[in-house]
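Colleague: Residues per chain are reported as follows:
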Amino acid sequence: MSYPTSQPLLELDNISLAFKGVKAISNISFAVADGEICALIGPNGAGKSSLLNVINGVYRPQEGQIRFDRVERPRMRPHQAAELGIARTFQNIALFRSLSVLDNVLTGRNLRRQGHWLGQALRTPGAAAEEDRQREAAERVIEFLRLQPWRDAVVGRLPYGLQKRVELARALAAEPRLLLLDEPMAGMNAGEKREMSRFIVETNREFGTTVVLIEHDIGVVMGISDHVVVLDYGRKIGDGPPDAVRRDPEVIAAYLGTRH
Amino acid sequence: MVRFADGGERVPATLPDWLRWQAQQQGESIALRHKRLGIWQARTWTQVAGEVRGLASALQVRGFAGDSLLVILSRPRPEALLAALAAQWLGGVAALFDPLAEAAGQRELLRELQPDFVFAETLDELERLRGAGLAPRLTIYAEARGVRAQEGEQDYARLLAGLRPAQPEPQAQAGRGAFAFYRRGASGRSERQLIGHDELLRQGRQLVQAERLGAQEEALAARAFAAGGQARYLLAPWLIAGFRLNFPESLATRDNDRRELGPTLVAGTRETYGRLHELALARLPQPGSVSRHLVDWALARRPGLLRQTLGHWLVRRPLRDVLGFSRTRTPLLVGEPLPRDAEAFFAGLGVAVRAWPDPSEWHSPPVHPLPSVDGWVAGGPQPV
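Chains A and B are the protein sequences, given in the same order.
Using UniProt numbering, read the first sequence as starting at 1 and increasing by one per residue.
Using UniProt numbering, read the second sequence as starting at 1 and increasing by one per residue.
Do not take every clue at face value.
As the list claims (entries may be wrong) - Dumping the calculated EDC-like pairs for lysine to aspartate or glutamate here, alpha-carbon to alpha-carbon at most 20 Å: (1) B:K35 with A:E63; (2) A:K23 with A:E36; (3) A:K193 with B:D124; (4) B:K35 with A:D132; (5) B:K35 with B:E278; (6) B:K35 with A:E143; (7) A:K20 with A:E63; (8) A:K193 with A:D232; (9) B:K35 with A:D13; (10) A:K193 with A:E143; (11) B:K35 with A:D152.
What the hints assert, rightly or not - Ranges between beta-carbon positions, derived for each pair: (12) A:D217 with B:R158: 56 to 62 Å; (13) A:Y160 with B:Q150: 36 to 42 Å; (14) B:E102 with A:Q65: 36 to 42 Å; (15) B:V147 with A:W117: 38 to 44 Å; (16) B:A157 with A:G223: 27 to 33 Å; (17) A:G223 with B:E102: 22 to 28 Å; (18) A:M222 with B:G175: 56 to 62 Å.
Unchecked claim - Residues of chain B clear of chain A, computed beta-carbon distances all greater than 10 Å: (19) P99; (20) Q167; (21) D198; (22) R202; (23) E249; (24) N256; (25) R307; (26) E336; (27) V353; (28) S364.
If you're looking for bench data, these hints aren't it; they were derived computationally from the structure.
The C-beta atom is built at its ideal place from N, Cα and C for all residues, glycine as well.
Generate coordinates for the entire structure from the input sequences, incorporating the hints supplied.
Modeller: Below, the structure written as structure tokens:
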């Protein structure tokens with residue numbers, strides 16, 4: 001394992017994943033320090049999304065170990081990952097399109113809810129207070145991501161860039177320790193990318209949330225990341241601070257391109 | 001309406017005096033509301049006066065005096081207004097700058113001004129100040145998000161939390177400046193407009209009397225108040241009549257917030273009404289369609305009884321609701337007149353927009369440091 005200099009929140013050790021004999025990920029090890037922004041880069045098919053799916057328990061690797069918060073998690077399922085504080089967004093937007101922005105963000109609070117369904121059905125004072133707490137938490141995220149003008153708008157009618165922001169809001173509403181973002185800026189124009197980059201950096205700084213993101217825009221990656229891991233054909237070919245990765249000959253040859 | 005007993009109470013002569021008077025008269029009534037986290041958060045007159053006094057104390061401790069200037073670079077929000085009142089409480093002047101104005105020109109003006117005391121809304125405004133190479137003695141910022149405070153920069157909430165009990169009495173004087181506005185004139189030189197307490201209160205009182213404004217009014221401060229008209233016809237009347245001043249959640253939500261609030265008093269500019277006119281037009285049925293004919297029929301001026309009744313229920317009332325004018329009884333226009341089509345549209349809606357003059361006078365060059373003279377700029381015309 002390499003690079004992180006401070007306490008790791010997430011450690012992947014010799015992870016291998018195959019689908020019906022086809023190797024998607026081979027012997028990948030890296031660590032993500034608590035509080036950093038780590039970018040996973042690599043060409044299409046390099047295994048980046050598969051690796052995110054391994055981290056949050058959607059896929060179970062055939063080999064290797066995952067440690068989250070210094071505890072080994074050999075058979076972690078997605079709901080357990082969520083309970084541990086791992087949230088994610090998806091490459092293709094996965095929101096409740098017919099619900100409002102506020103309602104979508106509130107769904108991110110499900111694991112933070114206290115109280116019993118009976119109390120909610122009977123509208124007891126405790127249940128009402130709990131509703132207020134959840135609403136306030138959701139509103140704080142809406143304010144943080146500047147989504148107030150669209151609070152009551154139906155998500156399916158919003159432009160693509162805003163839907164991506166709502167997806168981030170729903171993930172943040174869970175108050176995650178580790179946020180996995182799968183191409184959060186895909187399909188965005190330059191202005192939207194700038195805005196989204198700023199939200200990611202501010203999320204990291206304000207809440208101390210550790211971020212692992214997949215991104216193809218190298219300018220964005222180099223601008224916001226503390227740590228870059230480069231994958232190619234399911235193998236790790238680079239791991240380190242952005243400047244070091246940018247100068248790595250193997251990375252240049254495989255991904256960033258060589259000058260002829 | 002506000003009335004003073006004959007020969008009894010002294011009429012407040014400055015904005016801070018009026019604030020204190022309102023806190024004494026109706027301390028528990030709501031003075032300010034600000035939508036935040038989806039909810040209208042309220043401050044009573046007592047709370048407003050207490051917060052202004054506390055801020056004045058914090059400014060005084062850091063050297064703010066009667067001849068000092070507080071530059072305010074912010075969108076409309078309660079903290080900015082209270083900071084302005086705190087500067088005036090100590091006899092100083094609040095210079096209002098619109099953060100949406102062109103950045104390079106504004107940086108240049110600020111560089112010329114070299115303020116010692118600044119209120120900046122967010123990190124963006126702080127960066128604009130830093131970019132201008134300014135080093136104020138104190139910079140208060142309202143939103144701490146993303147800010148890594150440098151020397152002399154302090155979070156508004158922390159500043160208030162760390163207050164000492166000693167709190168100053170109002171030191172403002174009627175003949176002195178209250179608000180200042182700066183701009184780059186046609187000649188390329190910077191110009192200043194200085195409005196005194198007496199002038200503001202005189203014009204505010206005229207408006208309160210002419211429009212019969214009282215404490216029951218609801219006003220929305222949706223425009224950046226970096227304009228003299230807002231100070232004359234919104235802030236001064238607010239303090240005199242003691243009504244509720246509401247701030248939207250953000251500029252982007254102001255139309256929703258106006259609709260939700262239904263203000264009785266709107267102090268807008270040509271741009272405000274023009275934007276609302278365009279918003280309404282965008283929502284009307286296509287020209288030439290049957291529904292559009294119905295709308296045009298209903299909005300005609302001087303309608304008969306049938307047209308008036310049907311038009312009210314079918315078109316005017318819903319349209320006024322959409323624009324947030326459902327309860328508006330005092331729609332004011334400050335500054336330039338409305339275009340004819342916009343004027344006709346609002347008249348058809350039954351919104352009789354009243355024009356109030358914006359007697360702004362700009363003088364060049366601004367004197368620095370600020371002159372300690374009564375009224376207007378030394379050598380310039382005196383207030384009438």
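Colleague: Each hint should be assessed against the structure and marked as holding or not.
Modeller: Right, here's what the structure says about each hint:
1. Straight-line distance between C-alpha atoms of K35 of chain B and E63 of chain A comes to about 53 Å, which puts the hinted pair past the 20 Å bound.
2. A hinted pair counts as satisfied when its Cα atoms are at most 20 Å apart, and K23 of chain A with E36 of chain A does not qualify at roughly 29 Å.
3. About 18 Å separates the Cα atoms of K193 of chain A and D124 of chain B, which keeps this hinted pair within 20 Å; it holds.
4. Note on K35 of chain B and D132 of chain A: the hinted pairing holds, with a Cα-Cα distance of about 16 Å set against a maximum of 20 Å.
5. Proposed proximity of K35 of chain B and E278 of chain B is contradicted: the alpha carbons are some 25 Å apart, above 20 Å.
6. Annotation: proposed proximity of K35 of chain B to E143 of chain A holds, straight-line Cα distance about 11 Å (limit 20 Å).
7. With a CA separation close to 14 Å, the supplied pair K20 of chain A and E63 of chain A stays within the 20 Å bound.
8. Taking the CA atoms of K193 of chain A and D232 of chain A, the gap is near 25 Å; set against the 20 Å cutoff, the hint is violated.
9. Using a Cα cut-off of 20 Å, the hinted pair K35 of chain B and D13 of chain A is violated, with the two alpha carbons roughly 49 Å apart.
10. Of the pairs offered as hints, the one joining K193 of chain A and E143 of chain A holds, with about 19 Å between alpha carbons and a cut-off of 20 Å not exceeded.
11. The straight-line distance between the Cα atoms of K35 of chain B and D152 of chain A is roughly 15 Å, inside the 20 Å bound, and the hint therefore holds.
12. Separated by about 37 Å at the C-beta atoms, D217 of chain A and R158 of chain B break the suggested range of 56 to 62 Å.
13. Take Y160 of chain A and Q150 of chain B: their Cβ atoms lie about 38 Å apart, and the range 36 to 42 Å holds.
14. Remark: the range hint 36 to 42 Å for E102 of chain B to Q65 of chain A is contradicted by a beta-carbon distance near 57 Å.
15. Take V147 of chain B and W117 of chain A: their Cβ atoms lie about 42 Å apart, and the range 38 to 44 Å holds.
16. Between A157 of chain B and G223 of chain A the beta carbons are some 30 Å apart, a value that agrees with the proposed interval 27 to 33 Å.
17. Taking 22 to 28 Å as the suggested C-beta distance range, the pair G223 of chain A and E102 of chain B conforms, at roughly 26 Å.
18. Against the hinted window of 56 to 62 Å, the Cβ-Cβ separation of M222 of chain A and G175 of chain B comes to about 59 Å, which satisfies the hint.
19. With a minimum CB-CB distance of about 15 Å to chain A, P99 of chain B clears the 10 Å threshold, and the non-interface call stands.
20. With a minimum CB-CB distance of about 31 Å to chain A, Q167 of chain B clears the 10 Å threshold, and the non-interface call stands.
21. Under the 10 Å C-beta cut-off, the non-interface status given to D198 of chain B relative to chain A holds; the minimum distance is some 39 Å.
22. No Cβ of chain A comes within 10 Å of the Cβ of R202 of chain B; the nearest lies about 38 Å off, and the non-interface call holds.
23. Not every C-beta of chain A lies more than 10 Å from that of E249 of chain B, the closest at about 5 Å, which undercuts listing it as non-interface.
24. Its beta-carbon lying about 7 Å from the closest one in chain A, N256 of chain B breaks the requirement of being farther than 10 Å from that chain.
25. The beta carbon of R307 of chain B sits about 34 Å from the closest Cβ of chain A, which is more than 10 Å, so the claim that it is off the interface holds.
26. Separation of E336 of chain B from chain A is adequate, the least Cβ-Cβ distance of about 28 Å exceeding the 10 Å criterion.
27. No beta-carbon of chain A comes within 10 Å of the beta-carbon of V353 of chain B; the shortest separation is about 26 Å.
28. The Cβ of S364 of chain B lies farther than 10 Å from every Cβ of chain A, with a closest approach of about 37 Å, so its non-interface assignment holds.
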